[in-house]
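**Student:** The listed protein sequences derive, respectively, from chains Z and B.
Under the working numbering, think of the first position of the first sequence as 1, with each following residue one higher.
Under the working numbering, think of the first position of the second sequence as 1, with each following residue one higher.
Don't take each hint at face value.
Listed next, the in silico DSS-like pairs over lysine-lysine satisfying Cα-Cα at most 27 Å (straight line) [claimed, not checked]: (1) Lys198/Z - Lys49/Z; (2) Lys138/B - Lys190/B; (3) Lys125/B - Lys378/Z; (4) Lys218/Z - Lys157/Z; (5) Lys141/B - Lys378/Z; (6) Lys138/B - Lys207/B; (7) Lys78/B - Lys198/Z; (8) Lys378/Z - Lys60/B; (9) Lys14/B - Lys85/B; (10) Lys357/Z - Lys339/Z; (11) Lys110/B - Lys141/B; (12) Lys125/Z - Lys161/Z; (13) Lys303/Z - Lys157/Z; (14) Lys338/Z - Lys218/Z; (15) Lys110/B - Lys78/B; (16) Lys131/B - Lys6/B; (17) Lys68/B - Lys223/Z; (18) Lys14/B - Lys105/B; (19) Lys146/Z - Lys201/Z; (20) Lys78/B - Lys199/Z; (21) Lys157/Z - Lys49/Z; (22) Lys199/Z - Lys110/B; (23) Lys105/B - Lys6/B; (24) Lys68/B - Lys6/B; (25) Lys207/B - Lys378/Z; (26) Lys218/Z - Lys78/B; (27) Lys166/Z - Lys110/B; (28) Lys105/B - Lys60/B; (29) Lys198/Z - Lys110/B; (30) Lys167/B - Lys378/Z; (31) Lys378/Z - Lys131/B; (32) Lys60/B - Lys231/B.
Quick look at which bits of chain Z chain B covers, simulated, 3 or more residues with Cβ under 8 Å [as the list claims (entries may be wrong)]: (33) 271–279; (34) 378–384.
FYI, nobody ran anything at the bench for these hints, they're computed from the structure.
Values in this document were obtained by computation on a predicted structure and should not be read as measured data.
The beta carbon of each residue, even a glycine, is placed where N, CA and C say it ideally should be.
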Amino acid sequence: MLSSSQDIRRSILAKWHENLSKYGNLFSSDSISGSSPPSVFVGSYNYPKVFVGPMVPPVHGDTSLLDTPEKWIGKSLEEIVNFRLKLVRGIQKISVNSTEGRYIEDLQEVTMSSKPIDSDLEFRKSTSSISLDGESAPFGPVGEIKSAKFSNSSTTKHIEKTFYDKDLVANDAIVHLYNSGIDISQIQKCFSMGMLGKKRKLVPTKWSITATDDIISKSLTDKILDFSFIDSCQVFYFEHLGNLFSVILFPHRWIYEMIEAWYSSGILGFGSDHEDARGINHPPAIAGAYFAAKLSVVEFLSKNNIQSGVIILREIRPEYAIPVGVWQVREGIREAMKKKPIIADNFDHALSLASKKMSISKSEWVSHSNIGRLMRQKTISDFI
Amino acid sequence: MTFGAKTSGSDDLKAILSAISTLVEEATFVATAEGITFRGMDPSHVALIDISWPNSAFEKYECDSDIKFGVRIDEFSKLIKRADKNDSIEISISEQNMLLVTVGKNKKYKIRLIESSATDTPLPKIPYNSKITLTSSKFDKILGDVQVVSDYLTIHTSDSKADFSGKGDSGEVIIDLENDTDDIDEISSKEDSTGTYSLEYLNPVVKAVGANAGLITCEFSSAKPLRIEFKVANIGRIHFYLAPRVES
Numbered sequence: 001m002l003s004s005s006q007d008i009r010r011s012i013l014a015k016w017h018e019n020l021s022k023y024g025n026l027f028s029s030d031s032i033s034g035s036s037p038p039s040v041f042v043g044s045y046n047y048p049k050v051f052v053g054p055m056v057p058p059v060h061g062d063t064s065l066l067d068t069p070e071k072w073i074g075k076s077l078e079e080i081v082n083f084r085l086k087l088v089r090g091i092q093k094i095s096v097n098s099t100e101g102r103y104i105e106d107l108q109e110v111t112m113s114s115k116p117i118d119s120d121l122e123f124r125k126s127t128s129s130i131s132l133d134g135e136s137a138p139f140g141p142v143g144e145i146k147s148a149k150f151s152n153s154s155t156t157k158h159i160e161k162t163f164y165d166k167d168l169v170a171n172d173a174i175v176h177l178y179n180s181g182i183d184i185s186q187i188q189k190c191f192s193m194g195m196l197g198k199k200r201k202l203v204p205t206k207w208s209i210t211a212t213d214d215i216i217s218k219s220l221t222d223k224i225l226d227f228s229f230i231d232s233c234q235v236f237y238f239e240h241l242g243n244l245f246s247v248i249l250f251p252h253r254w255i256y257e258m259i260e261a262w263y264s265s266g267i268l269g270f271g272s273d274h275e276d277a278r279g280i281n282h283p284p285a286i287a288g289a290y291f292a293a294k295l296s297v298v299e300f301l302s303k304n305n306i307q308s309g310v311i312i313l314r315e316i317r318p319e320y321a322i323p324v325g326v327w328q329v330r331e332g333i334r335e336a337m338k339k340k341p342i343i344a345d346n347f348d349h350a351l352s353l354a355s356k357k358m359s360i361s362k363s364e365w366v367s368h369s370n371i372g373r374l375m376r377q378k379t380i381s382d383f384i
Numbered sequence: 001m002t003f004g005a006k007t008s009g010s011d012d013l014k015a016i017l018s019a020i021s022t023l024v025e026e027a028t029f030v031a032t033a034e035g036i037t038f039r040g041m042d043p044s045h046v047a048l049i050d051i052s053w054p055n056s057a058f059e060k061y062e063c064d065s066d067i068k069f070g071v072r073i074d075e076f077s078k079l080i081k082r083a084d085k086n087d088s089i090e091i092s093i094s095e096q097n098m099l100l101v102t103v104g105k106n107k108k109y110k111i112r113l114i115e116s117s118a119t120d121t122p123l124p125k126i127p128y129n130s131k132i133t134l135t136s137s138k139f140d141k142i143l144g145d146v147q148v149v150s151d152y153l154t155i156h157t158s159d160s161k162a163d164f165s166g167k168g169d170s171g172e173v174i175i176d177l178e179n180d181t182d183d184i185d186e187i188s189s190k191e192d193s194t195g196t197y198s199l200e201y202l203n204p205v206v207k208a209v210g211a212n213a214g215l216i217t218c219e220f221s222s223a224k225p226l227r228i229e230f231k232v233a234n235i236g237r238i239h240f241y242l243a244p245r246v247e248s
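Using the sequences plus the hints, can you model the full thing?
**Tutor:** Here you go:
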């Protein structure tokens, strides 16, 4: 059995290189031809002059799965890493304020597409090789683009309409697309490519993911504040990719806390953030996971017309050897909320149930939690 | 529908808007023949503001049917801040659903009204066992004194004595008050009472309204909401309610 994160990384990388030796010529060359899922990427390195470009695998056809995390539940870590590694990332250095011009407009067309787009990229020199460092989400070889050609695309109507509406502020545009049923991963790409809002600019992919989750979850939270409280303490659970999630809903006006625990060289680390109905006014210590998880849980509350207090426990096991992106938190919590909850006798019992499947005890979770402090604050409604 | 209200100066409206701005970003006012009222809670329902501004406080006041109008507080405040102390402020509502705001003699603003979302908010029903009336500057100072060590203010009264205290990671503080100083108007209690309240809510509202209020009255009972009344000359009522913090 594989135990350490390093072993898992080594094994995945070894298999990848084995594949490369079979198909190596497809990757390490000065050009690539394939169908972009569609996929675009904006780096944050060197901001505000960032590296922007399409991601293209060396195959033609329906490649959409390669960059649609909404469809990745049930896939293994290795499969997901391989999806990422297959995507060759073309780059050009562009100022974030340049949202016009041929290259960017082509990429915006790609982003709007409802289907994979045949793409031909030529690079200035052969693409670089890949590495897995365990810190950042992986992607495939990178090459500086000399020329990029894309076939005609069929656009997603809702996105096209929002793209041409230059009076719609970015927040409203994002919420509108979400309500129209567009996948979060596609909305995030539109935002990243400077396609939404009044004052448009390119937004590095990792910031745009967090911003999109934050904006959508905020709008859903506003909605649930009018709903009546859930009538019992309920515990939801799901695990995938070495991530264990417990979600507790309890009768209370909206308060939310997420606590994460991880093993780093055998030592347990903790991080947590929380908010009440006024929201959070600082960047959370646990970063994008906070908003991704919040989105999925308020999505559930909103669909069911209920309001509740929420505490999410996330244990990250060493098996999660390669971080694959915050989508796995979003989709993991979405899966948890589809399961049948266990009804707890009270909040304390719910905490016991939530910790039971984890290697971390209830008292350890509680010692890193602020929810008790939040619950000691009564509300005016308690006295009406 | 006819609605128009004109103040003789700008201080009262400034005080009202800054009090409301500590709790909400959007506010719905209700105008009736009797005057203008506002009632609203912050999003977490920890604090409530209840304001009544009677028609007698205005230089001119006219309202022949009840209306509600919603504004974004920051947008409204920006205009009102352009007024000098003695500038009159006149508000009315246009047919295009805009708020017309005339500041002084010649500055005529129009701002968009927003959909009023206000539902009827009931007031907490509780008997108040203890009462402290003091100058707002004294109260502001006490809050500052407690805040250096604590995020929460505990008020305790016993007969005609009161103390304010706070406890935090770094230490604690207690401030005794007696009825006999100039700053204190009244301390009375029907029974010993202790309540703990969040400075995160108290500080901003006392800062916002304090300068316009001479005296403020704090009323509370053990582990029950605190009600603060700000005495502002022309405004009938500014009541601030704050839910307590309790031990687990």
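**Student:** None of the hints should be skipped; say for each whether it holds.
**Tutor:** Quick rundown of the hints versus the structure:
{"no.": "1", "hint": "Lys198/Z - Lys49/Z", "result": "21 Å, holds"}
{"no.": "2", "hint": "Lys138/B - Lys190/B", "result": "24 Å, holds"}
{"no.": "3", "hint": "Lys125/B - Lys378/Z", "result": "15 Å, holds"}
{"no.": "4", "hint": "Lys218/Z - Lys157/Z", "result": "25 Å, holds"}
{"no.": "5", "hint": "Lys141/B - Lys378/Z", "result": "26 Å, holds"}
{"no.": "6", "hint": "Lys138/B - Lys207/B", "result": "12 Å, holds"}
{"no.": "7", "hint": "Lys78/B - Lys198/Z", "result": "23 Å, holds"}
{"no.": "8", "hint": "Lys378/Z - Lys60/B", "result": "41 Å, violated"}
{"no.": "9", "hint": "Lys14/B - Lys85/B", "result": "10 Å, holds"}
{"no.": "10", "hint": "Lys357/Z - Lys339/Z", "result": "15 Å, holds"}
{"no.": "11", "hint": "Lys110/B - Lys141/B", "result": "39 Å, violated"}
{"no.": "12", "hint": "Lys125/Z - Lys161/Z", "result": "38 Å, violated"}
{"no.": "13", "hint": "Lys303/Z - Lys157/Z", "result": "25 Å, holds"}
{"no.": "14", "hint": "Lys338/Z - Lys218/Z", "result": "21 Å, holds"}
{"no.": "15", "hint": "Lys110/B - Lys78/B", "result": "12 Å, holds"}
{"no.": "16", "hint": "Lys131/B - Lys6/B", "result": "35 Å, violated"}
{"no.": "17", "hint": "Lys68/B - Lys223/Z", "result": "22 Å, holds"}
{"no.": "18", "hint": "Lys14/B - Lys105/B", "result": "18 Å, holds"}
{"no.": "19", "hint": "Lys146/Z - Lys201/Z", "result": "23 Å, holds"}
{"no.": "20", "hint": "Lys78/B - Lys199/Z", "result": "23 Å, holds"}
{"no.": "21", "hint": "Lys157/Z - Lys49/Z", "result": "31 Å, violated"}
{"no.": "22", "hint": "Lys199/Z - Lys110/B", "result": "25 Å, holds"}
{"no.": "23", "hint": "Lys105/B - Lys6/B", "result": "12 Å, holds"}
{"no.": "24", "hint": "Lys68/B - Lys6/B", "result": "17 Å, holds"}
{"no.": "25", "hint": "Lys207/B - Lys378/Z", "result": "23 Å, holds"}
{"no.": "26", "hint": "Lys218/Z - Lys78/B", "result": "26 Å, holds"}
{"no.": "27", "hint": "Lys166/Z - Lys110/B", "result": "24 Å, holds"}
{"no.": "28", "hint": "Lys105/B - Lys60/B", "result": "15 Å, holds"}
{"no.": "29", "hint": "Lys198/Z - Lys110/B", "result": "23 Å, holds"}
{"no.": "30", "hint": "Lys167/B - Lys378/Z", "result": "19 Å, holds"}
{"no.": "31", "hint": "Lys378/Z - Lys131/B", "result": "21 Å, holds"}
{"no.": "32", "hint": "Lys60/B - Lys231/B", "result": "22 Å, holds"}
{"no.": "33", "hint": "271–279", "result": "holds (count 4)"}
{"no.": "34", "hint": "378–384", "result": "holds (count 7)"}
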